[in-house]
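Use the sequences and the hints to build the structure in full.
Here's the letter readout for the chains.
2 protein chains.
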Amino acid sequence: MSINLLNLAPGKLSATDLQAITNLGVTVLNPTGLTPAQFDSVDIVFGWNGDVIDQLLNSSQSNLKWIQLTSAGIDYLPLKRLAEHHIMVSNVSGAYSQPIAESVIAFILFYTRDLSALLTAKQNHSWLDKNELATHMSLLKQQKVVIFGTGSIAQHIAKLLNGFGNFPVGINHSGHPADGFSSTETLTNAADVVKTADIIINTLPLTAETTDYFNADFFDLIQDLNIFISVGRGKSLDQTALLSAMRTNRVHRAALDVFQQEPVPADSPLWDQPNLIVSPHATPGIDGTNPIIFDILEKNLRQFIVDGTLATNQVDLQRGY
Amino acid sequence: MSINLLNLAPGKLSATDLQAITNLGVTVLNPTGLTPAQFDSVDIVFGWNGDVIDQLLNSSQSNLKWIQLTSAGIDYLPLKRLAEHHIMVSNVSGAYSQPIAESVIAFILFYTRDLSALLTAKQNHSWLDKNELATHMSLLKQQKVVIFGTGSIAQHIAKLLNGFGNFPVGINHSGHPADGFSSTETLTNAADVVKTADIIINTLPLTAETTDYFNADFFDLIQDLNIFISVGRGKSLDQTALLSAMRTNRVHRAALDVFQQEPVPADSPLWDQPNLIVSPHATPGIDGTNPIIFDILEKNLRQFIVDGTLATNQVDLQRGY
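Taken in order, these protein sequences are the chains called A and B. Counting from 1, position 32 in the first sequence corresponds to residue 31 in numbering that gives the first Met the number 0; the numbering is continuous, with no gaps. Counting from 1, position 117 in the second sequence corresponds to residue 116 in numbering that gives the first Met the number 0; the numbering is continuous, with no gaps.
Hint data in this document are derived by calculation from the structure and do not stem from the laboratory. Take the hints with a grain of salt, since some may be wrong.
For identical chains, the list gives no copy identity; a pair is met inside one copy or between any two copies.
Straight-line C-alpha distance at most 20 Å; calculated SDA-like pairs for lysine to any residue [said to hold, decoys possible]:
| hint | residue 1 | residue 2 |
| --- | --- | --- |
| 1 | Lys79 | Asp271 |
| 2 | Lys158 | Gly179 |
| 3 | Lys11 | Asp197 |
| 4 | Lys140 | Pro290 |
| 5 | Lys298 | Leu205 |
| 6 | Lys140 | Arg80 |
Keep in mind the model is a prediction, meaning the values are calculated, not measured.
Structure, rendered in structure tokens:
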């Protein structure tokens, strides 16, 4: 029996990757110019395209069994409908954790080592007083870091922080312990650690509990936060509430990689807010193809060929992560 | 016998530090309004002031035995003259290693996570294409890092890099091994690793061998260097040779904290060179007093009180480091 994989994310696989898939006995199809029969013969989709998936789910002849996403987040999926059709879904949670974590540390050090002042001074050909500059500089181990979420991205961030002698507090649904964290707390019980934090990092997935979690009530807890960073999901943050906290000098610096609306409109007040980095959902980026995506696909393909199940990264369509 | 310490660096000690020194039975003197007899009674100088030290060395009645510097570098000292007067000198090598290392990682991640593009785009309210942005982004473990010097600063940098899965090559006088480095090479034998490096970091002390080490001949070895960073001593780098390598697109990015002339003059071409961070000898900075400086002073004071020797950080006045 031939296995057919429809490749909706060609940029995520190198020529070597494609050859390796073919060598497993899997036929790689491209979406353009497929006959209805070929379309129905698709067993596996690699990547995501709402229209194409819709068409597959609507066809009574469809053979579709498994979608291998190239994203970590899955909040854009029609979870219930996929569950009804008994489609297995796997994500690439973990593939982007290291580049995202390195961007988070880049944002933090940009602020704690005050690179911003150096860049402004350079435009003015101005040699700053180093003692004055030092009053805006700190060591990472002097900063109390609180990370919302303790999954793969959060653990990668925590591991990098540990190398700087910093052991963050983690916040998750149940308060269960996680690697690299000094302690953990539940989402509903986070107020006390939030009040005394220097740096807060959002890595939360989007669920009913986390939607709009960082709202005006949340920022009302904060009097003196050095840095707020969000690399989780845009809809967990009320951007207006953050801007209000920055304008009243309760949050001093921020870096956002995810937003309520993407792209951020040109007339958004975010662009003109000082000490706020706007990153275009770009922290997962690395030059070239990401080798971890292929690793996950290949592991799952090998297992799928054997018994039709997946080896890793299968999404729980009921829980939504 | 009372021991007198002349405090030439009052900003480096907190009130608590001063009390602790007094509790050891040491009298702390300030330089203003000292009588000649008090001046001659000084056993220890904390900090450095060329005129004051000169006066002490010129007095035949001077009691001076030990100078505890508040710097790591000692190339500004009259080494021979201090040796002739049998003055012990200790530095604070190590006290600034962690803040300097964090600044170095800040410079590297600023470039490898392409924060520069984000800052420019923000001014234009421009949402960049994340795939285009990714072509300028890399993971630290993908970068071949070569560190000149394997002393305290270099080891702190290496340790932070190790946390990112990066194991740098170290270059020192004799090629002896050092913690955190995958391998080491001698200064005279560095050409091969320089040619294939992605990131070069200068942490060298200033000696005859290292003066002007990074000159035109050095940069002639380089065809495609991602980042050059200098936090060692300014006089080891020929800035004109670096600028020439950047203008001919052989060195792509740089960050300098030390210079041939400080402050950097307003008409220096460094200010207008793109992708070059000018830091005003500020990477050691942290807000408040640096606790490690007092730790070194206190350890040495306790030993000095016992037997007139030093416990840590004594400088070899012959070797110059």
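Discussion item. Taking the earlier hints as the rules, which of them does this structure contradict?
Written reply: 1, 3, 5, 6
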